[in-house]
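The listed protein sequences derive, respectively, from chains A and B. Counting from -6, one number per residue, gives the positions in the first sequence under the numbering used here. Counting from 461, one number per residue, gives the positions in the second sequence under the numbering used here.
Mixed in with the good hints there might be a few duds.
[As the list claims (entries may be wrong)] Derived pair list, reagent style DSSO-like, types lysine-lysine, alpha-carbon separation capped at 30 Å:
(1) Lys34/A <-> Lys74/A
(2) Lys34/A <-> Lys81/A
(3) Lys557/B <-> Lys982/B
(4) Lys1144/B <-> Lys844/B
(5) Lys557/B <-> Lys800/B
(6) Lys33/A <-> Lys81/A
(7) Lys126/A <-> Lys844/B
(8) Lys34/A <-> Lys54/A
(9) Lys88/A <-> Lys34/A
(10) Lys1144/B <-> Lys84/A
(11) Lys33/A <-> Lys172/A
(12) Lys841/B <-> Lys557/B
(13) Lys1250/B <-> Lys1238/B
(14) Lys33/A <-> Lys1144/B
(15) Lys84/A <-> Lys1158/B
(16) Lys172/A <-> Lys54/A
(17) Lys84/A <-> Lys126/A
(18) Lys81/A <-> Lys1158/B
(19) Lys1460/B <-> Lys1447/B
(20) Lys1250/B <-> Lys1456/B
(21) Lys1123/B <-> Lys800/B
(22) Lys1144/B <-> Lys81/A
(23) Lys982/B <-> Lys844/B
(24) Lys943/B <-> Lys126/A
(25) Lys943/B <-> Lys1238/B
(26) Lys88/A <-> Lys1349/B
(27) Lys1144/B <-> Lys88/A
(28) Lys1242/B <-> Lys1123/B
(29) Lys81/A <-> Lys37/A
(30) Lys800/B <-> Lys88/A
[As the list claims (entries may be wrong)] Here chain B is said to cover these stretches of chain A; the calculated rule only asks that three of the stretch's residues, wherever they fall, bring their Cβ under 8 Å from a Cβ of chain B:
(31) 34 to 44
(32) 92 to 102
(33) 128 to 141
(34) 150 to 157
[What the hints assert, rightly or not] Incomplete in silico selection of chain A near chain B, CB under 10 Å:
(35) Gly25
(36) Asp28
(37) Ala30
(38) Ile31
(39) Leu47
(40) Glu49
Think of the hints as simulated: they come from the structure by calculation, not from any bench. Every residue gets a Cβ at the ideal spot worked out from N, C-alpha and C, and that includes glycine.
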Amino acid sequence: MSNAVSALEGASYQGFAQVREMGLQGMITLRGDFDNAIFKKTLKLISGCNVPALRELNHSKSGTVVWMSPDELLVLCAYDKAQVVTEKAVKQFAKTHSMAVNVSDARAVFTITGNGAREVIAKLAPVDMAAFKKNEIRRTRLAQVPAAFWVSDDDQITIVVFRSVAQYVFDLLKTAAAKGGEVGFIY
Amino acid sequence: MSNRIDGMGRLLNRDTPVSFTFNGKTLSGYQGDTLASALLANDQMLMGRSFKYHRARGVVASGAEEPNALVNMGEGARFEPNQRVTTTELFDGLTAKSQNHWPNLNFDVGVINNYVSKFLPAGFYYKTFMFPRFAWKHVFEPIVRHSAGLGKPPTEADTDRYEHFYAFVDVLIVGGGIAGVQAALAAGQSGAKVLLVEQTAHWGGRAVVDGAIIDGKPAEEWLIETLQTLENMDNVTIRTRIMGAGVYDHGYALGYERITDHAPETNAPRHRLWRIRAKQIITATGAIERPLSFAGNDIPGVMLASAVRDYLVNWGIAVGQRTVVVTNNDDGYRTAIALKQAGLEVPAVIDVREQVQSNLAKQARALGIEIREGRAIASVKGGKRVTGVGVSIMQGTGGAQEEIKCDCVAMSGGWSPVVHLWSHCGGKLNWIEEHAHFAPDPKRPPLGDEGQGFVITAGIASGAMETGTVLQNADAAGKSAAKAAGFASKRTRVAKADDVATQVMLPAWILPTNALPELRAKMWLDFQNDVKVSDIQLAAREGYESVEHTKRYTTLGMATDQGKLSNINGLAVLSDALGQEIPQTGTTTFRPPYTPISMGAIAGEARGEIFQPLRQTPIHQWHVGHNAYMEPVGLWHRPYCYPRGEETHQEAVTREVNNTRQKLGLLDASTLGKLIVKGPDAGKFLDMLYTNMMSNLKPGRCRYGLMCSENGFLVDDGVVARIDEDTFLCHTTSGGAERIHGWMEEWLQTEWWDWQVYVANVTEQFAQVAVVGPNARKVLEKLGGMDVSKDALSFMGWADGILGGFDVRVYRISFSGELSYEIAVPASQGRAFWDALHAAGAEFGAMAYGTEALHIMRAEKGFIMIGDETDGTIIPQDLGLNWAISKKKDDFLGKRAQQRSHMASKDRWQLVGLETLDGSVLPDGAYALAEGENANGQRNTQGRVTSTYHSPTLFRGIAMGLVLHGPDRMGEVIEFGNIDGTTISAKIVDPVFYDKEGIKQNV
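Same shape as in the complex, but just chain B (with noise of 0.2 Å):
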């Protein structure tokens, strides 16, 4: 059993009793714990099962790569899958429960894979794609989609807030070890500007747990004071519940900040993703610890030996009363001695090396602590909970056993540095035998903009294993980092640590070496995906040889922990069943984040209201107020319809557009685009940006233009004004001005940068009203000011004056077909000038009307609109507007393009009015069918509808389509499919339904 042990626990807080559930049953710890470490005080061993066998899974180690004990956090609105105990401080209400187990943790029906796991081997399902279709679709899949996920999604809106923050460093630490101290203490004396950040809430990282030695006294000690040093230096940040989650070019890191995860009722955000620019990147993430294989590794209660030591010292747990020890190196000697200092039973450390003779091994024995040298544990008893191991000689098939009786085994496979971080950006690796990893390589560093390297490694991190070295590499790493940042270093004193000699590791990738398949089926590499050494063995047999090949056969490293524990043992058995070195093998790619971070840190502020900028004009509060149903054009939120009372959307629409056609419509049009173009170069810039010809618009009168991109589609369109000889004001589309004012700016900066022309964006700087309708003019009269009759202010003219009191430029321009203006007063007065009009415009039946009712009436009249004839493979010519195309201009921008033969061809859809014969209203995008099949077995069709509504003027439904020889076919009828199958007969007309000769909007 585990529980914990009086006066012992660094990091807990007696005093500050804390209260828990895990899986409904309320248990306690202290202030200070980890959420392992409360439940190891609690003998909760047993935390989840595993993926794919659902076999019982206790937690394997105490820090970042925990594979094993993930739970679904919290509740409501607060939950949150695959939590990693290991990483959840402990606070006073926290919820947790187990996952991927039904119905209950101890007793799970899904462990019957386990049974049938002959059946389930590596490349599972690779291979069972390899079957028949239907097996996939009604075997496989149901049985995969059940078994899959580990946590639940969450059903609830995430309650919290979450922020990103932008900092600037001249020298960025991750990792708050003695390394990243000493780092950090180095590169703040040059002066330069430090940010040392820590992924936990404690530092000193192992130095600390492991009772190092630095100057003379505990490392604890050294740690406080140097951090008082830091926390003086007006230069320097230290911050704990960092973790350096990226490192990507030029210097560009991310900062996974945890604020309230262990204070949730506080009111800060819960997360912080710092996104950080640094001249120079210290990665001090020290090392982790390789576990080591053999049978029944897996079973809870076998656990990394520098996690029990973690716990022991920590938290004051003692993981197993009876703790047998199992390593290839010296360091798994120190958690037999911290074990049997602090009064534990350590029946035996299991040595795979022949003879040892170290200082540590040495220790052990003067504490009465048996060493069996060149031996292997060959099997673990028990099966919710370790009862003992078998151990067997090492260079053996692990055939004739002994057994020790235990309840924990640590097993220390030695360490491998962190070099994730490293890796992210670039940085190359080297294998060093010696220790049997991979180490940052420091001349092959990730590359800057001027090819200079911008990640040093600091301690550990780098390969350094001893603290001697692991502080005299981090104060050289501070001082080239600062260097490197345009700091000249101090010559300061290092801080120093006897490094302890130790005797070399002997890499044992499997124990025993000869162990037999049975065994070997046994021995876990990826404990939460459940990849096992005969899984590799299984590939590589298969031929498979690349390890990221491998890796995505076998699943080994997908999991949550993406291989943190199981990387180098998976390719070292990957190697040796290729036979070759594990150099040539190779390592699969680091990629951020280093471990799992939120979805709202990612998101930031973005949710809620602040999801997405929503543009509003300066009448928006009166749609508001006015029940207005908004839809979103670009950015913007604009009134689709005023609904009254029980209106359904399309009364409110029939409403509006008859109201409009009949009497006085109101249409807030302040989202059109509106950019000045000005400068002795305008009207030749025009000329190149529009088919048609602007450069001989006299002043004071509009024109409607095209816009096409240079491969000749049509982009825009909209009315230009000429407003005196040197300056233009286009209209673009609603949801085109940024666009459109960017493109002109484009083609004046990079083509045409010698032309005079400027262009200003004054899309905002006015608000815009479309009063439509045959009492159109009488309100304007009424309002009074200046002369809106017909001879004054003809059609498709536009003058400056007042009206009601209001500065307006008045443009007689119209998109309904009716009599029309268009007035535009400054933005700020935008809103009074609408209440003015709807005041004076009460007794001529003033409404207003939203953008279907405008919809409509365009269709009606035929006007084609950007974004509904227009997809962005259509040019003029299709929507029959060579009308508007200069046949006398040399050039416009995709004039050449539309000279292509494709471009030219007849065979084009063209665009047509379409008439069901039944008076039905077609479906939007519905396809005209033709006659046969293509290669594929689809239907053939020989055109679409682009805008489809029904006219409340005609009472019918009218739609514009693009119809291959379109406009040759007047009067013929054709089929348009509906998604069910059947099809409406529908009849091609000419696309201008109303008004054909445009005597309402000239009066």
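The shape of chain A in the complex, shown without the other chains (with noise of 0.2 Å):
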């Protein structure tokens, strides 16, 4: 695994606010019946977590669920966990309607930090930031792209994207805060 690396390797740039290229990521992708017994045992299994409410995150000491739609989820775990504890919901879910897949290395996460966190998003997507809560997360665009993202910390957004738009994505975020962009309208 000494070969892996995320598609820009750290990369940084600091506007108004910081905008980082987190490296690799642990990401499971999760299908299946969220009412089904076997499924919330399996979640609570590799995660340590319960099914999230709509639009919402759950976290443990283990791991981080995200909702991403009405029958899947994707599970957050460290990256070399990844392929283990996929095989491991495969095993669980054995018979039962269901699917489990890695994805870490599909995707390509970023943070932006700092007090206009949110205006960057403003700018790219169509989300009221203002009224976004921590623990929310939307799966909508950025500018011309897919994204999912969350409030991580008071003054963290967590972004995932796809990894062959990473580039792109960074070069968005990076004009969106540059100095001198700032709106002064979500405080």
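Two chains, two frames, a set of hints: combine them into the complex.
Okay, here's the thing in structure tokens:
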């Protein structure tokens, strides 16, 4: 695994907010029936979390689970554990109709940090960032590409995009966060 | 002459002088000036030329409604044409040039149009179309093209940056006059989230200019206090320099913020487009004064009375030393009074009304101003500047005239509420007889998703004409907007102001009433486009009844100002000519934006590097480092070839093909779509999606498949691998992954929602490398870790394993006809794996190849390419792919469509190979010629080229094409047309040019 590198290898930029590519992140897509007992049990086993509510995140000591759609979740874990955890989930699901896929390599993760973090997003995504709460997740677009993001800390937003557009998204965020571009609408 | 008056100018900062240039001449103004006021301060009244007749034009207004004074602004990478001087804030170093004239502003050859104006009547453009064709092409078009256009197009790329901003509010209020401010206060006090925007840099609108008294104090004082209150409210945001540009469905509105137009050297974005979602929108957009139509009303120095007042009060400008006011209402007197009080001469107020006894008129008389009642201006003297007016009786023909010397005419034709934003999304209007204007009908607002109104007007935009009623109306608007947005309004006090008793205005659309034709031909309605009263009357005589048709026929209101001054006057003249009431004629449609907004603001951040996303594979940097010439494939950037040294692209491609066929080629195939389809019903699902059978594929095996749309047309192809009993991995084309993923989800969510299937797009999870050529197995064996022998991993098989320490999945598939492995590794290790292959493969002649080599090799093998052989009208049967269409299956997507008579016709063009007799390369897309011509006199055709290349393997041109009855005509020579009219002979052959038996790929 020493060969593994993230799309931008930790590139960063300091504007009125800081943009950082966060390196490799374990990610597992789960699909299934959220009400199914085996599904819930499997989720608990691999992430320590219950199924999150609509457009929300749940955290535990061993991982984070992100609501993606009515039948899809995203489990966050350490990058080097992702394959093992995926296989564990597949085994636990057994014959239950479901899916567990390691998608860690298909993504790039960024954070925006600072007071203006929400305004950076509000320039690129049609989302009410003033009302966007901690632990809320939104699947939307950043300019012309799909993206998901959530507020990971009071002044920090975590963004997940497809790996192939990492450079585009980094350039977008740099442009939106460039000094002089503060809007002063979202406090 | 116009000049600056000491001690006046509420917006000026006289401590900060500003230097700027106009037509190369250096002039000076003050911070707080607009370009218009600064030019006037320098006695520069002549600012441009009109569009059609090139007549001399001065500024006529003081705000967004200005039709005349447009300039080429800035230089080089900051050049922008058609900028209104009235809305351009002055800054140090501003450069402006007048436009639409040659050789210069003072002497313009184009003014000749003015003297031939009788040959350029309404509908000129349409009428010239009626002449013989040659006349348009050789006579009129060159003339029109030469004279068309106002400003120049920029020649350099824009150097500034732009952005969008998404804002969500309960109440958006457009307009920062006292109505907008009062409405913001009322809405804000309810707790609603309020955004108040004002297009200029200053709050207060007209009230502060006209010296209104609010709550017993000057409007300016009330304004400062109220703005402070708003600033202190957390739920209220107030912003200047944002224009409400448009109102759209469901409370969506656009705000156009001009951040650095007045300070171009700052590091902020130049413009920001606010994309606002509001539960309720209040338009407090004010009103625009109407011009009056009298002969010569376009001569520089004739201005709106309110503009004359604005220049005086806001910027300390005396537009003229002697100003004649002409009016049909009381408001014009405010200008006369203000001028007189500033010590300027007002020789007369010409009032079309017979007897004027209002308070304002009495004030004017008390100041010694002469009022000429029942009179009209019949003519204006002067060319590039007013020198006097001829006054006649209103109820006459304009015959007997008395001349009054003056250098400025201030005209007031009454006020029209700015109803644009109200109307953008369907708000309806009422004709208000008393004020001769259209005002919003509050009972018929634009409607939201539940049939609720979502726009409310406030202040004079509602038709409230006096300060007291403006404030009450605005307060009510603010409260009802907050209520509609779900907030309980607080009972708060409304600011009070006394309404001034006024005398009713007299609608006067032509001065004098019975003006003779030669006078009507000099009465301008649309100043920018040169549309006159006579043009509208001519259109009516020629049968135009609809206001929309008349607009397009005469070009009334079609200029960059969109008829802000000309609309009402034009349709009043039209109504009169048609002998009908104005409401019967109606208005033209109001469309966004309110005034033109920059292309940069519309594009936002999408320019330069981030104009469009470019998708990069994990191996992208290697390609860039090896001089790859990149081509777009969907949004992917893929290497077309890797030229070395002085190589041409063709030489590089030839080298790459030969090396792959003879030794070892490496292709970055990461862009290939990869969809996992899993579930008990996965096999059944894929049987519906693909034309061939997938459910009987054995785990560990691969099968090539075709996908059709429900109309039978081929939309995608690729290799499917069965992973286990429940799981398939479907490869799609590089450009097709997202589309096919969406296609699968759509069928699963809408049609076969009860089938147990999940799909995941894992395209980007894997880097995929094609290891191709006679030495392919050798390099993999050298890397070691798994058995890749023919027996262990046969053609069309796949296996998981380890190669050189990498976790891999190896597919034995070939798109080139050579021994070939496509190897998937986790994307994060893609680059390392690629490097390892090159290192290990060096001794076997490993060399990267690009998409062009890929295309040539697949064409040599007769493999089709989605997008080359298909174009959305091709079915698999056209391509000889019947072998991949299951006869056993009851159904698949496209099956029924393919049974339709035209789809099953034997006369559909069929895929064949094509070999030119002279070995040359057929032009791409060339048509095969048939005998005779069709009904349009075009040559009949019998086929076309779909793929064509020079084959380095066969040393000749090879092609594939679709030809009528092609497979039955093997060996026949047909002709293909070149663009230059010559033809090329080509023989119809089998489409597989290379290793038809498939021996090479199956070793």
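Now for the hints, and whether the structure bears them out:
no.: 1; hint: Lys34/A <-> Lys74/A; result: holds (19 Å)
no.: 2; hint: Lys34/A <-> Lys81/A; result: holds (12 Å)
no.: 3; hint: Lys557/B <-> Lys982/B; result: holds (27 Å)
no.: 4; hint: Lys1144/B <-> Lys844/B; result: violated (82 Å)
no.: 5; hint: Lys557/B <-> Lys800/B; result: violated (34 Å)
no.: 6; hint: Lys33/A <-> Lys81/A; result: holds (14 Å)
no.: 7; hint: Lys126/A <-> Lys844/B; result: violated (63 Å)
no.: 8; hint: Lys34/A <-> Lys54/A; result: holds (17 Å)
no.: 9; hint: Lys88/A <-> Lys34/A; result: holds (14 Å)
no.: 10; hint: Lys1144/B <-> Lys84/A; result: holds (24 Å)
no.: 11; hint: Lys33/A <-> Lys172/A; result: violated (46 Å)
no.: 12; hint: Lys841/B <-> Lys557/B; result: holds (27 Å)
no.: 13; hint: Lys1250/B <-> Lys1238/B; result: holds (12 Å)
no.: 14; hint: Lys33/A <-> Lys1144/B; result: holds (28 Å)
no.: 15; hint: Lys84/A <-> Lys1158/B; result: holds (22 Å)
no.: 16; hint: Lys172/A <-> Lys54/A; result: violated (37 Å)
no.: 17; hint: Lys84/A <-> Lys126/A; result: violated (35 Å)
no.: 18; hint: Lys81/A <-> Lys1158/B; result: holds (25 Å)
no.: 19; hint: Lys1460/B <-> Lys1447/B; result: holds (26 Å)
no.: 20; hint: Lys1250/B <-> Lys1456/B; result: holds (20 Å)
no.: 21; hint: Lys1123/B <-> Lys800/B; result: violated (96 Å)
no.: 22; hint: Lys1144/B <-> Lys81/A; result: holds (27 Å)
no.: 23; hint: Lys982/B <-> Lys844/B; result: holds (15 Å)
no.: 24; hint: Lys943/B <-> Lys126/A; result: holds (25 Å)
no.: 25; hint: Lys943/B <-> Lys1238/B; result: violated (77 Å)
no.: 26; hint: Lys88/A <-> Lys1349/B; result: holds (28 Å)
no.: 27; hint: Lys1144/B <-> Lys88/A; result: holds (18 Å)
no.: 28; hint: Lys1242/B <-> Lys1123/B; result: holds (15 Å)
no.: 29; hint: Lys81/A <-> Lys37/A; result: holds (12 Å)
no.: 30; hint: Lys800/B <-> Lys88/A; result: violated (94 Å)
no.: 31; hint: 34 to 44; result: violated (count 0)
no.: 32; hint: 92 to 102; result: holds (count 8)
no.: 33; hint: 128 to 141; result: holds (count 3)
no.: 34; hint: 150 to 157; result: holds (count 3)
no.: 35; hint: Gly25; result: holds (8 Å)
no.: 36; hint: Asp28; result: violated (15 Å)
no.: 37; hint: Ala30; result: violated (17 Å)
no.: 38; hint: Ile31; result: violated (14 Å)
no.: 39; hint: Leu47; result: violated (18 Å)
no.: 40; hint: Glu49; result: violated (20 Å)
Hints 4, 5, 7, 11, 16, 17, 21, 25, 30, 31, 36, 37, 38, 39, 40, counting from the list given before, are not met by this structure.
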